[in-house]
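Chemist: Make the full structure from the sequences, and use the hints.
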Amino acid sequence: MFSTAFLDIPPLASASGTVRLPGSKSISNRVLLLAALASGTTTIHDLLDSDDTRVMLDALRALGCGIDAAGSTLRITGMGGQLKPGGLLLPLFLGNAGTAMRPLTAALSLLGGEFELSGVPRMHERPIGDLVDALTQLGCQIDYLGNPGYPPLRIRPVDHGALALDAPIRVRGDVSSQFLTALLLALPLAARKDIVIEVVGELISKPYIEITLNLLARFGISVRRDGWERFTIPAGSSYSSPGDIHVEADASSASYFIALGAIATGARGQKGIRIEGVGADSIQGDIRFIDAARQMGAEVDSGPNWLQVRRGVWPLKAIDLDANHIPDAAMTLAVMALYADGPSTLRNIASWRVKETDRIDAMANELRKLGATVESGPDFIRVHPLAQADWRPATIRTYDDHRVAMCFSLAAFNPAQVPVRILEPHCVAKTFPDYFETLFSVAEAQEIPVICIDGPTASGKGTLAAEVARLLGYHYLDSGSLYRVTGLAMRRAGLSADPQHEAQIAALASALPLHFTEGKVLLAGEDVSDDIRTEAAGMDASRVSTLPAVRAALLALQQRFRQLPGLVADGRDMGTVIFPDAALKVFLTASAAQRAERRHKQLISKGISTTLDSLRSDLEARDARDSSRSVAPLKPAQDARHLDNSQLSIEQSIDQVLNWWQEVQPFKPA
918 MFSTAFLDIP PLASASGTVR LPGSKSISNR VLLLAALASG TTTIHDLLDS DDTRVMLDAL
978 RALGCGIDAA GSTLRITGMG GQLKPGGLLL PLFLGNAGTA MRPLTAALSL LGGEFELSGV
1038 PRMHERPIGD LVDALTQLGC QIDYLGNPGY PPLRIRPVDH GALALDAPIR VRGDVSSQFL
1098 TALLLALPLA ARKDIVIEVV GELISKPYIE ITLNLLARFG ISVRRDGWER FTIPAGSSYS
1158 SPGDIHVEAD ASSASYFIAL GAIATGARGQ KGIRIEGVGA DSIQGDIRFI DAARQMGAEV
1218 DSGPNWLQVR RGVWPLKAID LDANHIPDAA MTLAVMALYA DGPSTLRNIA SWRVKETDRI
1278 DAMANELRKL GATVESGPDF IRVHPLAQAD WRPATIRTYD DHRVAMCFSL AAFNPAQVPV
1338 RILEPHCVAK TFPDYFETLF SVAEAQEIPV ICIDGPTASG KGTLAAEVAR LLGYHYLDSG
1398 SLYRVTGLAM RRAGLSADPQ HEAQIAALAS ALPLHFTEGK VLLAGEDVSD DIRTEAAGMD
1458 ASRVSTLPAV RAALLALQQR FRQLPGLVAD GRDMGTVIFP DAALKVFLTA SAAQRAERRH
1518 KQLISKGIST TLDSLRSDLE ARDARDSSRS VAPLKPAQDA RHLDNSQLSI EQSIDQVLNW
1578 WQEVQPFKPA
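Mapped onto the numbering used here, the consecutive letters of the sequence shown carry residue numbers 918 to 1587.
No lab work stands behind these hints: they were computed from the structure.
In this text the structure is predicted, and so the values were computed from the model without any measurement.
Careful, some of the hints might be misleading.
With a straight-line Cα cutoff of 25 Å, these simulated DSS-like cross-link-like pairs (lysine-lysine) come out [what the hints assert, rightly or not]:
1) Lys1518 x Lys1437
2) Lys1585 x Lys1286
3) Lys1234 x Lys1286
4) Lys1437 x Lys1523
5) Lys1188 x Lys1234
Simulated restraints, written as ranges between beta carbons of each label pair [as the list claims (entries may be wrong)]:
6) Lys1188 x Gly1144: 40 to 50 Å
7) Arg1409 x Gly981: 51 to 61 Å
8) Thr935 x Thr1463: 39 to 49 Å
9) Gly1003 x Ala930: 56 to 66 Å
Just so you know, even glycine gets a beta-carbon here, dropped at the ideal spot from N, CA and C.
Modeler: Okay, structure coming up:
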């Protein structure tokens, strides 16, 4: 997951390959609560690992459920509908997880015990009054601790014998289907007689209710439904574990890759995107996004637990759609509309306004940043397509809403070849923590951006480059380590850096299983960071770098580090030889005295005895050798920016490089 302040997505040209989706959030949190309420132990397979499910699991642990995790499998020992006696007020923080707040409000109102439910500020702006009203009709004791109609809430225990079960419980259905879902999941706790729920107004998001009814049946609760207006929970209903249950992949998350297949041309001679984990026969309503994508021109095939999507009609066809049945997935259509042949209208989406953010306003605001003309109202949005000349590079605000972030990543496929900046990309952790990594695994860019940081030994380029890469969410290449690892592999193979061993060393270098992570250098999974940082290893690195065959072998290896979303590479010839087309080249320098002092402190901290004079002499000699070698001598690229960090802190150096990077980007400063 990208935890950076922003993520720059370069212009994307094509996409093809296979993606495996995470589990459905809607199914995951429903299954977790039902398993907790049921008797027996439930083994849950392929559960979504996300912010929302972690919030629910934390709450269930606090309630006393037994939870045992092993990889993607989770075993929950349920409470059997009975809360363990405790007697103390239990505070539960539920973040911005509506799929936890709404059902837990209902369930805890009937379990007994005293609770305070709260969340992030946005959760305290999401209405819950209609659910609370329905529960108080029944006789539950719920108080508002802030604004009436909104969390946070205080829940007090109630005697089931005092509940008013004779009259139907009435709940509005036109604000959020989660209110009805919460009642359906919780009321079997009190079903000493038939309990009837009547829906007031038109029920929105009906497919989500179908998910709820389907899962209730799996846990032994057979709800009778009369249309979409009346639901009856039979007397004597009780939850029982199904034993094992598998969570489908998330159909809402599938929408981004269905759209990707519809928008992008195939890469490397392949055709389209294969999506594994969900098929057209899914129990999730958002799978009907397939129908909308087909209307717009996508070619979609389906089989058991898979979809195959290809670009068909181009430009896409404009649509006018009642999107009430796919409220979450429909957001993806608003971005697809930018690639259509006319204005597209999404109607009956009033529920967008009470989600993680006001999604109608959010989508309209951010689409306009891209250059689009957008009209919106209380329950609709109309998006006009963009001609190639009208696209603008945009900084997309995500409003802490995972779906906004994922939707707008698709704008990077624009024909104007302008990049897109996504602010706070980590918000995708709510449902799809690895979304951007998954996107980048199948997408190909027009050009992947590279920042080169070259300079002499001990100038601090490695520290600087690694931190710049971390802050940008880019890959990192330490070419000095590359040569040092080659030297290590050479030594372990019993070779020496001379012409008669050159071909053998080059063969070793071309196949180095090398990975940089968290400041470590891993060779075939072995941490060799300390082994390659000795002075002897440095000398080996300098020697093998003079061998032409080794340099040729490492050239392709280094260039393979150029992967989405970008690369920061440090070394001595990154900007002159390896990545001469890099968007930013920095030549980092410091005086020999300053570099010797830094190296001295570094070695002393590791218990290595040395002197400043010897280090300075060694650095000056190495500078002379590196600058005068016949192959790729150390020198700044003609278009490099010079940065003397002799008197700068690492933070000041980082700020300077990031400022230079901002200067060469088309985005306006924040």
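Chemist: Hint by hint, note whether the structure agrees.
Modeler: Status of the hints after comparison with the structure:
no.: 1; hint: Lys1518 x Lys1437; verdict: holds, 20 Å
no.: 2; hint: Lys1585 x Lys1286; verdict: holds, 12 Å
no.: 3; hint: Lys1234 x Lys1286; verdict: holds, 23 Å
no.: 4; hint: Lys1437 x Lys1523; verdict: holds, 16 Å
no.: 5; hint: Lys1188 x Lys1234; verdict: holds, 20 Å
no.: 6; hint: Lys1188 x Gly1144: 40 to 50 Å; verdict: holds, 43 Å
no.: 7; hint: Arg1409 x Gly981: 51 to 61 Å; verdict: holds, 54 Å
no.: 8; hint: Thr935 x Thr1463: 39 to 49 Å; verdict: holds, 43 Å
no.: 9; hint: Gly1003 x Ala930: 56 to 66 Å; verdict: holds, 58 Å
Going through the hint list in order, the structure satisfies each hint without exception.
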